[in-house]
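Sequences listed follow chains A and B, in order. Residue numbers for the first sequence, in UniProt numbering: 1 to 601. Residue numbers for the second sequence, in UniProt numbering: 1 to 601.
One or more of the hints may lead you astray.
It does not matter which identical chain is used: a pair holds within one copy or between any two.
Stated by the list, open to error - Result set (DSS-like, lysine-lysine): computed pairs, CA atoms no more than 30 Å apart in a straight line:
1) Lys336 x Lys225
2) Lys180 x Lys423
3) Lys190 x Lys336
4) Lys336 x Lys283
5) Lys180 x Lys459
6) Lys256 x Lys180
7) Lys180 x Lys336
8) Lys336 x Lys216
9) Lys77 x Lys423
10) Lys423 x Lys479
11) Lys47 x Lys423
12) Lys423 x Lys256
Derived from the structure by calculation, the hints contain no laboratory data.
Number of protein chains: 2
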Amino acid sequence: MPTYTAPTRDTRFVLNEMLDLASYGNLPGFENATQDMIDTIVNEAGKFCSEVLAPINQSGDEEGCTRHEDGSVTTPKGFKEAYDAYVEAGWATLAKPEEFGGQGLPHTLAMVVEEFTASANQAFGMYPGLTNGASAALEAAGTPEQKEAYLPKMITGEWSGTMNLTEPQCGTDLGLIRTKAEPQADGSYKITGTKIFISAGEHDLTSNIIHLVLAKTPGAPDSSKGISLFIVPKFILDENGEPGTRNGVTCGSIEKKMGIHANSTCVLNYDEATGYMLGEENKGLAAMFVMMNAARLGVGLQGLAQAEVSYQNGVTYALDRRQGRGLAGPAEPEAKADPIFVHPDVRRMLMDAKVFNEGMRALCLWGALQVDLTHEAQTEEERQLADDLIGLMTPVIKGYGTDKGYDIANNMQQVYGGHGYVKEWGMEQFVRDARIAMIYEGTNGVQAMDLCGRKLASKGGRAIQAFFKMIDDEIAEAKTNEALSDLATKLEKALGEQKAATMWFMQNAMANPNHLGAGAHHYMHIMGIVTLGFFWLKQAKTASAALAGNPEDKAFYEAKMTSAAYYAERFLPDAGALRRKLEAGSDNMMALPEEAFSTAA
Amino acid sequence: MPTYTAPTRDTRFVLNEMLDLASYGNLPGFENATQDMIDTIVNEAGKFCSEVLAPINQSGDEEGCTRHEDGSVTTPKGFKEAYDAYVEAGWATLAKPEEFGGQGLPHTLAMVVEEFTASANQAFGMYPGLTNGASAALEAAGTPEQKEAYLPKMITGEWSGTMNLTEPQCGTDLGLIRTKAEPQADGSYKITGTKIFISAGEHDLTSNIIHLVLAKTPGAPDSSKGISLFIVPKFILDENGEPGTRNGVTCGSIEKKMGIHANSTCVLNYDEATGYMLGEENKGLAAMFVMMNAARLGVGLQGLAQAEVSYQNGVTYALDRRQGRGLAGPAEPEAKADPIFVHPDVRRMLMDAKVFNEGMRALCLWGALQVDLTHEAQTEEERQLADDLIGLMTPVIKGYGTDKGYDIANNMQQVYGGHGYVKEWGMEQFVRDARIAMIYEGTNGVQAMDLCGRKLASKGGRAIQAFFKMIDDEIAEAKTNEALSDLATKLEKALGEQKAATMWFMQNAMANPNHLGAGAHHYMHIMGIVTLGFFWLKQAKTASAALAGNPEDKAFYEAKMTSAAYYAERFLPDAGALRRKLEAGSDNMMALPEEAFSTAA
């Protein structure tokens, strides 16, 4: 059975050293995030995830969720107990506002717990993950009464939440929604329609489930501008605010999926269910996007999480399994064969995984810090910069992070050879689970269009200019440091490819928007490559400074320097190839008629 | 449910036009392969695969194989009937030698049937596929009596075959084999040991199964030079040559796998089973490699096959599913939304699939022709050239073909959005089934080392020089043709990257063989990219010549020209990036000690 050990050392490096969280101690929420507190949370969360969540990951996949005849759903063996323990330990409330019972710590720390949880058991992590999204939307758009009624119990995890967007005929294009909301005399609505792919839609973990549902009021505009958001609790609250009457929302079936079997992905049937409007009529999409953006960062993190856990097991196997001999001669002549760790092609896959994971972790935690700064930074200018940067980076974290996370999980499965294909070893589950992250919360193609069609041009390109400046500044500084200058030069070249690609879009996309669509996915990858390169430069800067102090765990910092060099030589070159593809435009891509795609005749 | 329609038009284009099979009519076996015969086989095989094999692909995945308490195994519903129909129709005997009951047609035509079969039902195709490998080894290494006893019934498909290499402690490194062969007074052997991952190891499709088993005789050298190959029939033949006494080989269990559920992947326990040596003692590996090389081409073809069937269903969905609007304005203003086919990012994935599939098909069928020419070409020089080329290309077809085939299957799943993740739509099965092809018959890392560590340097680099010359010649000719010169120039650049990478290996790998290992996978991909570029240039040449004749189906040839241009702009650029990675060598890749791969502390 695969195992998981939280990457505590690397996480502490990013938080305490690279990001230097302690230096933000003057900001609200950060005052309690001392290094001691950070270390404790990292270590304890790691322990919890390894010991409680990881052991039920494989059994959860095998058993899956069960829908009973009455429409109720039970989660796999051990999930209820693990969920109670998760709530009991307070992991759900970490970064939630104190006024609703949260601990008020920075979001950055919640991201750490989210990564570890998703590595240990992605299907499990989705239950609290969905609740987070729903509570964020309630916090942002709810009336004081709504917040009071729902938030405290959602924040502790006593109740859970869901997002209901998709319908059979309607995925990305939310203008196609058909679910109806009929206003009632008491100000509530009757919600009727079918929602599909509802993660954590029905289960036995919590005493109530608060569904947030997109629907149309009578006469609403027939487009995405006619969508409203509704709170639809599984149990309507009684006069004491406790779960009362069962509402008209039922699980029609559980989807049979490729992976994340332990999360119940439901078809939810709404049959005149009682709902309450959340936020303004016809402005439901805006409120939903509060959830969506948080959720997209969480999904990007899942890419990292599956890459990390599969990497750990890849390393274990590579050190244990013996086949063949090192190319330069036997590494262990007394044994009948060497560990496959000695083979360069195995090492290539392990190193690719290592540098992706550590670079991605630095990016995700930096991203989480930007979310904190969006709210808590001292000046409007700083808050705006953080908001610009995280808005720009969200599709990259989600899209690039999950594309690459999936690649890594596949490579780690590959390390196992034939055993990687057999369920018992657990590697194929990581691949199946990782696959969904490229799809949900907007496919990675949708992320690419969000990046290129919306974020790049937004506010006159202010965000991308800030991104370029941030990296230019880091490069300029690094070039004056002998230990970093080679890295800086290579990153500058890759950044140059991104700048050229950006310019190409500016010069060509107006005349033909298909040129933008044709290059968007390439651009997202170029930007992901450059961004991780930037975070490797930052990590190398931190490591190089630490090495100057002759630290006790010198090997850790030396490995950072080698890894940074490996990243530069093995990941950055793709930026140039992707730019060439992007500059090919859309002419040949869009030239062929439908009939040309038929292969028979 | 997904569907499959054989790509008959494209196959006929490759066979009749690009390869001009009719021009080989003077060679043995080819005399009957007239264009009429070719067209009939292509069309009938396509029909059979679409109508008989494709409909039981999804149900076969769901049901899987069942092992009963007595060790017997039943295949999923409909498989036995489909197998009987396959045998009845004569698909098994197509390219088999007439002296053993085959039809004696070129191997090239058998490859067509193999592609269609693997697209329609990969798990099914493995049953006759394994028999092919086993009968090829028997043909190459068997005594006249052995051939007489086993070949006729294996060739018709009345009996099937297997390859038994892997053991729990022994995968790639066959020197670690422990299965023992004790010589008996009558010249036979008693085989004892455990083999794992034996595809088609036990089933109910045939009345006998002829296992070919690697084992060690007493006192054999303790390395891969001490391995012999044995024929171990499930039922020992009686005096009439019919299945008689049940032999001591039993299925201990069926592996639970990620995919290809309808193929029974068995643990086979040999308990003093009666076996007969095939070929010379201690030379078992050589005989096994006859099977292996054929099998590797077949596996490369599976990469294409899964890419093709997933592509077809991707196209269907993209034309059917409506979400959003074209970037340049509504394509179908009267409808509520446009088909997702209008979105450039969807088209990018479809075009990537189309040009990979058509390029790969041209490569595979050309490769099959080389196999034919190895035996049948008129001069020793031609036979040797064909042998050099197919030996060189086998790891590329297997390694690059299955890596990319898997990518394509994943992209086609992506086209489906959330529905791609749900079993009912069938796309996730294509991904799960395609995944094995990167692993079995030698992982793609092993293929890369076969290419770079063995094939490149073999006979003073004769094969790679012949490969370069073949492409150089085609480029030189194309440069004189206005319709092809741009394509030729781009291919020349990519080929230049491969030549430079080859040179880099020559200059660096002697000093440090790890440099070779570190770049082998990159090299295999560079060569795959260049090779498909070469076949796109050849297809464009053929199409451009056809267009000059103002043919009836002009659109088909025009699509070839556009596709060739798309391939050049979207696939070739990666060759340069891969070369840069390769030239980074192994220093950073191999620098870190074991401890540095631990993520906790």
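*Alpha-carbon proximity between Lys47 and Lys423, which holds within one copy, between copies, both or neither at 30 Å*: within (25 Å within a copy, 35 Å between copies)
Legend entry - Status of Lys423 relative to Lys180 across identical chains (alpha carbons, at most 30 Å): between (43 Å within a copy, 29 Å between copies)
I want to check one pair: Lys256 and Lys180. Are their C-alpha atoms no more than 30 Å apart within a copy, between two copies, both, or neither? So Lys256 and Lys180 pass the 30 Å test inside one copy only (27 Å; across, 45 Å).
Practice prompt. Could you place Lys180 and Lys336 in one of the four classes (within, between, both, neither) given a Cα distance threshold of 30 Å?
Written response: For Lys180 and Lys336, the Cα distance is within 30 Å only across copies (18 Å; inside one copy 69 Å).
Margin query: With identical chains, the pair Lys336 and Lys283 could be close in the same copy or across copies; at 30 Å between alpha carbons, which is it: within, between, both, or neither?
Written below: Only across copies: Lys336 and Lys283 sit 21 Å apart there, 68 Å inside one copy, limit 30 Å.
TODO: Evaluate Lys77 and Lys423 at a C-alpha cut-off of 30 Å and name the case that applies: within, between, both or neither.
DONE: Classified as both: same-chain Cα gap 19 Å, cross-chain 23 Å, threshold 30 Å.
Is the C-alpha distance from Lys423 to Lys479 at most 30 Å within one copy, between copies, in both cases, or in neither? For Lys423 and Lys479, neither the intra-copy (49 Å) nor the inter-copy (52 Å) Cα distance is at most 30 Å.
Up to 30 Å CA-CA - Lys459 versus Lys180, copy category: Neither: 35 Å inside a chain and 74 Å across chains, both beyond 30 Å.
* To do: Check Lys336 against Lys216 for me: Cα-Cα at most 30 Å, and say if that holds within a copy, between copies, both or neither.
  => Answer is between: at 16 Å across copies they meet the 30 Å cutoff, but 69 Å inside does not.
> Is it within, between, both or neither when you check Lys336 against Lys225 at 30 Å Cα-Cα?
Replying inline: between (69 Å within a copy, 15 Å between copies)
Open item on the list: Regarding Lys190 and Lys336, is the shortest C-alpha distance of 30 Å or less found within a copy, between copies, in both, or in neither?
Closed with: This pair counts as between: shortest inter-copy Cα distance 26 Å, intra-copy 72 Å.
Quiz prompt | Lys423 and Lys256: within-copy, between-copy, both or neither at 30 Å Cα | solution = both (17 Å within a copy, 6 Å between copies)
In the structure shown, a violation is registered for the earlier hints numbered 5, 10, in ascending order.
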